[in-house]
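S.K.: The lines below spell out each chain.
Protein chains: 4
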Amino acid sequence: MTANSAKQLAKLGQYLQKFCKTTDFNRVMAKAVPVACTKNTCTVELAIDTEHANTYGTLHGGLTASLVDTMTTMALVANDSPPGVSVELSVSYMRPAAVGSTLLIHSEIVKLGKSMAFLTSEFRDKESGKLIATGKHIKHL
Amino acid sequence: MTANSAKQLAKLGQYLQKFCKTTDFNRVMAKAVPVACTKNTCTVELAIDTEHANTYGTLHGGLTASLVDTMTTMALVANDSPPGVSVELSVSYMRPAAVGSTLLIHSEIVKLGKSMAFLTSEFRDKESGKLIATGKHIKHL
Amino acid sequence: MTANSAKQLAKLGQYLQKFCKTTDFNRVMAKAVPVACTKNTCTVELAIDTEHANTYGTLHGGLTASLVDTMTTMALVANDSPPGVSVELSVSYMRPAAVGSTLLIHSEIVKLGKSMAFLTSEFRDKESGKLIATGKHIKHL
Amino acid sequence: MTANSAKQLAKLGQYLQKFCKTTDFNRVMAKAVPVACTKNTCTVELAIDTEHANTYGTLHGGLTASLVDTMTTMALVANDSPPGVSVELSVSYMRPAAVGSTLLIHSEIVKLGKSMAFLTSEFRDKESGKLIATGKHIKHL
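Chains as they are written, first to last, in the numbering used here: chain A, -17 to 123; chain B, -17 to 123; chain C, -17 to 123; chain D, -17 to 123.
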């Protein structure tokens, strides 16, 4: 890990810690654990519990979307960019992820322009590596 | 209100009541209040509180997406359709909605095919009628 | 029709006429015929011919997307707005539209902000009124 | 190149050749040149000419979308999958690509399920490697 990646990872950890104490909607991300940062990316993991699930006992699609929103924003702030304002967010749902499994969520700044940021997140099952969902997020800076 | 709309509205109310008692992620929709149902649509309102907000004190984009997911599914089940499985969801964010204001969320079954359902949600400020966000949701039945 | 709508319709007609003579990609919209304009909307129709079709003899999904792009831009320029630059475009495909049928394409400026425009198009079969496709288009102004 | 990749590349070439002779909308892809195939991917290049451009002399956003549609479908058929029917297509536009430059378009089958295919395309400037646009395409099989 480069010195810069370590600094970014620490910054990401501080943000995620704030989510643990908040009473606003960011609390739903409270259990995400920082794993790695590189230039323009950050990775967290999340052990899926009932609080993250739908009626079928799998990752709730609304939480998937919420994680696309927040984790791509974490990629921005860990890279010293302003967080910006959401313009468009979309999620493709490929496989269910059951309570008890762990997600790896890898987010990336695909393009950072003067006024627009193009961001993506990939959700994989930590054990099998299988793709659970992908998301994209466009923010106005 | 037709007899059928009244029946649908009652059904919607029962589902939303279940959200009040759940510990799964559907709990984030607990305070949505059923307002109206017609064939292929349902409308709820939500008074925005801190628990629904981001750091800026406005509706959290992740919750907007979660509401697109759940409220379009409510439109399906209130119309006696199976809930299906999410394939794709997207949200366009047009204006912030502050804590203290009330949202009107109008969801619609745009097309119900044999295997695919095309659904939309519109989020408006109850007082001004201004558009806050729009969402679309594609489910596989 | 108000005087202003008539002025907008004339402007739309002039743009569409330019498409008839161009050798750039806008030529694929050449046969779209202006039908109506109101504040923030414009409607055109298109008789589907082989040149608009895929291998199955129905409206090509790539042309649907191209029409979302161009016809929402026509809604902007007919309303004296700058055309802007595309940021995101999406299309939901609901039903095929056969060669020989006619499309009504209704485009709307849903929100025109200082820097972002949110636009939509709806494609209907002219005879049956059935929804063929919907599109959204986000432009940076 | 494996024997299988060579077989896929030949198949892709045959499809693209058909586009050269067609009078339907697939003609707009006629000048795409097959470059490589691997399991679940295919890559083509396209020298941007006036026929592909908008009024500004850069790649037309409608053609970008049309290429997402067709080139992801080429990835399917080159991999011996049925072409399916479009459900949803979206494009994120990151940079203009001028007439005279060459695009590398890399398309991938991200997930092939029993009833749904999730596909993506990436458009890069061949010389600089810079990202021009990304697209996703969901088809029902």
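Check before you lean on any hint, since a few could be wrong.
Identical chains blur together in the list; that is why a pair holds if it fits in one copy or across any two.
[Stated by the list, open to error] Once the Cα atoms are required to be at most 16 Å apart in a straight line, the calculated EDC-like pairs of lysine to aspartate or glutamate come out as:
id, residue 1, residue 2
1, LYS96, GLU27
2, LYS93, ASP107
3, LYS3, GLU27
4, LYS0, GLU33
5, LYS13, ASP31
6, LYS108, GLU33
7, LYS(-7), ASP6
8, LYS21, GLU109
9, LYS21, ASP62
10, LYS13, ASP62
11, LYS93, GLU27
12, LYS13, GLU27
13, LYS108, GLU27
14, LYS112, GLU27
15, LYS(-7), ASP62
16, LYS108, ASP31
17, LYS0, ASP31
18, LYS(-7), GLU104
19, LYS93, ASP62
20, LYS21, GLU33
21, LYS96, GLU33
Don't read these hints as lab results, they were simulated from the structure.
S.K.: At most 16 Å between C-alpha atoms: does LYS108 with ASP31 qualify within a copy, between copies, both, or neither?
M.R.: within (15 Å within a copy, 35 Å between copies)
S.K.: Up to 16 Å between alpha-carbons, please classify LYS96 paired with GLU27: within, between, both or neither.
M.R.: neither (30 Å within a copy, 29 Å between copies)
S.K.: For LYS13 and ASP62, with the copy left unspecified, which applies at a CA distance of at most 16 Å: within, between, both, or neither?
M.R.: neither (23 Å within a copy, 36 Å between copies)
S.K.: Checking LYS112 and GLU27: alpha-carbon separation at most 16 Å within a copy, between copies, both or neither?
M.R.: within (14 Å within a copy, 30 Å between copies)
S.K.: Tell me, please, which holds for LYS21 and ASP62 at an alpha-carbon limit of 16 Å: within, between, both or neither?
M.R.: Within one copy, since 10 Å is at most 16 Å while 38 Å is not.
S.K.: Checking LYS93 and ASP107: alpha-carbon separation at most 16 Å within a copy, between copies, both or neither?
M.R.: between (26 Å within a copy, 14 Å between copies)
S.K.: Evaluate LYS0 and GLU33 at a C-alpha cut-off of 16 Å and name the case that applies: within, between, both or neither.
M.R.: between (19 Å within a copy, 15 Å between copies)
S.K.: Go through the copies and call it for LYS0 and ASP31: within, between, both or neither, with a Cα cutoff of 16 Å.
M.R.: Neither: 20 Å inside a copy, 19 Å across copies.
S.K.: At most 16 Å between C-alpha atoms: does LYS108 with GLU33 qualify within a copy, between copies, both, or neither?
M.R.: neither (19 Å within a copy, 30 Å between copies)
S.K.: Which holds for LYS13 with ASP31 at a C-alpha limit of 16 Å: within a copy, between copies, both or neither?
M.R.: within (10 Å within a copy, 22 Å between copies)
S.K.: With identical chains, the pair LYS93 and ASP62 could be close in the same copy or across copies; at 16 Å between alpha carbons, which is it: within, between, both, or neither?
M.R.: Answer is within: at 14 Å inside a copy they meet the 16 Å cutoff, but 31 Å across does not.
S.K.: Between the shortest in-copy and the shortest cross-copy C-alpha distance, which are at most 16 Å for LYS96 and GLU33: within, between, both, or neither?
M.R.: neither (38 Å within a copy, 30 Å between copies)
Going down the numbered hints, you'll see the structure goes against 1, 3, 6, 7, 8, 10, 11, 17, 18, 20 and 21, while the others check out.
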